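Just so you know, the protein sequences line up as chains Y and L, in that order. Counting from 1138, one number per residue, gives the positions in the first sequence under our numbering. Counting from 26, one number per residue, gives the positions in the second sequence under our numbering.
Heads up, a few of these hints could be off.
Pairs of lysine-lysine residues, derived as DSS-like cross-links and limited to a Cα-Cα distance of at most 30 Å, are as follows [as the list claims (entries may be wrong)]:
1) Y/K1218 with L/K546
2) Y/K1189 with L/K546
3) Y/K1153 with Y/K1168
4) L/K265 with Y/K1152
5) L/K686 with L/K87
6) L/K785 with L/K775
7) Y/K1153 with L/K785
8) Y/K1152 with L/K775
9) Y/K1247 with L/K87
10) L/K104 with L/K87
11) L/K785 with Y/K1247
12) L/K546 with Y/K1153
13) Y/K1218 with L/K785
14) L/K386 with L/K427
15) L/K265 with L/K368
16) L/K427 with L/K414
None of these hints come from the bench; they were simulated from the model. Fair warning: this is a prediction, and the values are worked out from it, not measured in the lab.
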Amino acid sequence: MSCEPWQCAEIAATKKAHPINKPDVAVALIKRAARPILIVGSNATERCLEDKLLIEYLIDFARASKVQVVATAHMVAEFLKRGYEPADFMSAMDIGNRLVDPDWQGIDGKGHPDLAMFVALPYYMESLILCGLKHFAPDLRTMTLDNLFHPHASWSFPNAPLKTWAENLTVMTSKFKGGK
Amino acid sequence: MSKKGLRIKAKELTTDIAVVKDLDISIGKIVDDTWEEPMGPTPMPHISTLRNWDMKLLNKYKPFYMPDCDLCCLCTYGKCDLTAGKRGACGLNIADQSSRIVLIACSIGAATHTGHARHVVDHLIEKYGRNHPVDVGGLNVDVEAPVTRLVTGIKPETLGDLDEVLTYCETQVTHLLSAAHTGQEANNLDFESKAFHAGRVDQVGMEVADLAQISVFDFPKADPEAPLIEMGLGTIDKSKPVICCIGHNVVPSVGIIDYMKENKLDNRLEVVGLCCTAIDNSRYFDRAKIVGPISWELRVIRSGLVDVLVLDEQCVRTDCSLEAERVHAPVIAASEKNCIGYKDRTNDPVDEIVKDLVSGKVPGVLILDPEKVGEVAVKVAQKIAPIRKKTTILPSAEEIVKLAKTCRQCNLCQRSCPQDLNIPAALKAAAEGNLAPLTDLYEECIGCGRCEEACPIKLQIHSFILKAGQKYMLEETNFCRAGRGAVQDVEIRAVGGPIVLGEIPGILAAVGCANYPHGGKDVYDICREFAQRRFIVMTSGCSAMSAGSYRNEEGKTLYEEFPGSFEAGGVLNVGSCVSNPHIAGAAIKVANIFAKRNLRGNYEEIADYIHNRVGAVGLAWGAYSQKAASIASGFWSLGVPVLVGPHGAKYRRMLMGRSDKPENWEVYDARTGDTVNVGPAPEHLFQTVETPQEAMVAIAKLCIRPNDTWKGRSIKLSHYIDLHKRHYGTMPKDIHQFVRTMADIPMTMKDEIKEILKAKGWKESVIPDPTMLPRMIRKRKE
């Protein structure tokens, strides 16, 4: 599995993501975080892993981990259709803009997130937002749950086939109370 | 016009008191001012004149930077790593650097449009004289140059006046670009303010270009019924020689069309085009055909249909000449900005040039005389068409299958594709004889060709996609309405009230390039949705083409389905890139004609009016260029929000409001001087949206303005809520921020919304006469 940027030209300079070589690492990071959030983009219904849409894996994960979900674009409708109500929904730019504000108290008003996880945004958009957070939210840890390496994140899974992605998400879900 | 030069020379002057020899008195300008409107406070603003206004907007809509590059490599101290707060050798940090890149992009855009205008105006003055009148709509358009009047305080009446206006633009662009030099501007918000100024200058430059060409070339003059133009590769008569013009500057194409007409050849050749030259060709000659947007350059050349390629300026792929060589189509470079390394043959005899191009002795020539371009292009096309026989380099289906078998499945094509298209899977299927997945890529491919550059075994992947989609490509026969130019004053009078009061729910301007995330149909779908909702939909440039490239259930294109007038439910194509000021101009004219506000050099007041009252939104769904950045900037500085599609995030800076911070949404009530919270209206000034569904919801919301009457607000909210429920599956969570009085609530949603308001602790507020400018308060509170 490669830790090169998935889109070849999305190169970072001196601060690059740590690779997540097994899902247990991601789980440990999430469990260590006091206020993690998961931002889910529009590819959640465009990617099919092992005959199941990505959004369904993410709902299972969110239910098990109790991580607050922010749906971007029109994804809130897709979550609601599947019986899951995300903690909030707003544009990807809005959530990025709030995360760089150290005074923002999170979607529940109880404190700034300390870990922002991203998944399923168009690669280049996600890359740009992660770059913005790297520069302007230095105290925030970022992580991607995609199968594409994102060098601007703090932590990223390497480039991997869909099957591995599905396995990683399933393993992560299983490590939380309530996960199968 | 207001200024004229004066020079008095006398060899010898004898008077009672002296004999004067070699007298030479020069007075730079004499003001010859017959325009009655009083001059406003900011004529010919310099780069810092409107800084206070810019800062008001920039404090309301703070930049959100997504740097795209961690480094600065603009000077030899670099590369400097600016990651996470580090300053470079010059002292700039990443916020400053990001805003500096925005300024550079906007300055390039403004310089490009101004340079374009300079070429057009100089050429037309040389040919028709400085006194040729400016006429963009006869008696229907009294306010002929709203942007120019507003920014410069000049009312241009002749081509010579436009020359004066351009001198102002050129000076400003020089100052703006100089501010980006190392060790000049030091603050990100000041860079942003200068980028806004670049946008203002850009709007003026564009307006000058379009006024000149409309006036002289007799383009449609504010004509709602401008002709429908055939569009698409399927409209080209392949039995005729085909001349294809690519770029933005219509002058060389006029040379071609004039030569054809003068020699009665206009039925014997095809003149087609891509990008804005195509739009402007069709404004000049309604049998010129539009092939499609800028992203189709490789598509049209590789298809082999083009016999002669004429390249002018802006957004022309720099490898067009190499692509043309592959299909044996001679190239004529017709702009001094785009010489392509060709020998300058401007002063050579036509027959020699024709001979060299037809024989293949040279692949292309540079000709900087538009009339000569016309004669050479036509003669070469006639001679080479029977020789070329529409040579194509698209492979056969059998060749694709054979070549696809050599694919290593290395994924580099997909990893280089801006759309992340699953090309490896399509090639794998092709190797098994199934071209359908390649065909599926045809619609979403933006034609950049990066897949081919990345391929380690040099597969011509883009050509594979074109061949697989060839059936659709050759069946593309649609209509685009020729660019109508300005909006008539009488149209403004008819709809100014309903726009400002909110009863026409908004103006959507779909503009810009074709770097779409999933093909052009999203533009069509969005425009149609809002036209059906009786918004006013304006289009320009490549977006105008995409809007016309699909048909409804009855087989009608958008321009056939909806009227071309500036009215509720109208869909009007104003024209090319340089026609965009007609869109800004319509908003400005609402302030001037409907609200009787003075325009002349009165930028701040008019922008304040537009920002608070005119529910207009720009949508650049496929914006990619620096010109698109400067066009957007011209709208930002007028307080008009702009949305871009997902690729627009690469402009690396958004201007975002914070709906969760009530203190950001206060305005003055000009009647009382009271401060009133009007909610996030409009919420953002520049925002990337991810999907067309998100765009539709955002457009409806961004049309909300503080000045809406209760009736207008109710109409706007009903559209916002309806689209939100349809695409987001739920009621908007911020509805309480837009309800000021119970009367604002749409009638059919009273009960549902009342419950929400109760839960949110909503309190009634007033509808102010909104302004952000203290000087506009008519009565101050004691």
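So, going through the hints one by one against the coordinates:
no., hint, verdict
1, Y/K1218 with L/K546, "26 Å, holds"
2, Y/K1189 with L/K546, "28 Å, holds"
3, Y/K1153 with Y/K1168, "22 Å, holds"
4, L/K265 with Y/K1152, "58 Å, violated"
5, L/K686 with L/K87, "12 Å, holds"
6, L/K785 with L/K775, "15 Å, holds"
7, Y/K1153 with L/K785, "43 Å, violated"
8, Y/K1152 with L/K775, "53 Å, violated"
9, Y/K1247 with L/K87, "24 Å, holds"
10, L/K104 with L/K87, "28 Å, holds"
11, L/K785 with Y/K1247, "18 Å, holds"
12, L/K546 with Y/K1153, "37 Å, violated"
13, Y/K1218 with L/K785, "25 Å, holds"
14, L/K386 with L/K427, "34 Å, violated"
15, L/K265 with L/K368, "28 Å, holds"
16, L/K427 with L/K414, "26 Å, holds"
Checked against the numbered hints listed earlier, the structure breaks hints 4, 7, 8, 12 and 14; every other hint is satisfied.
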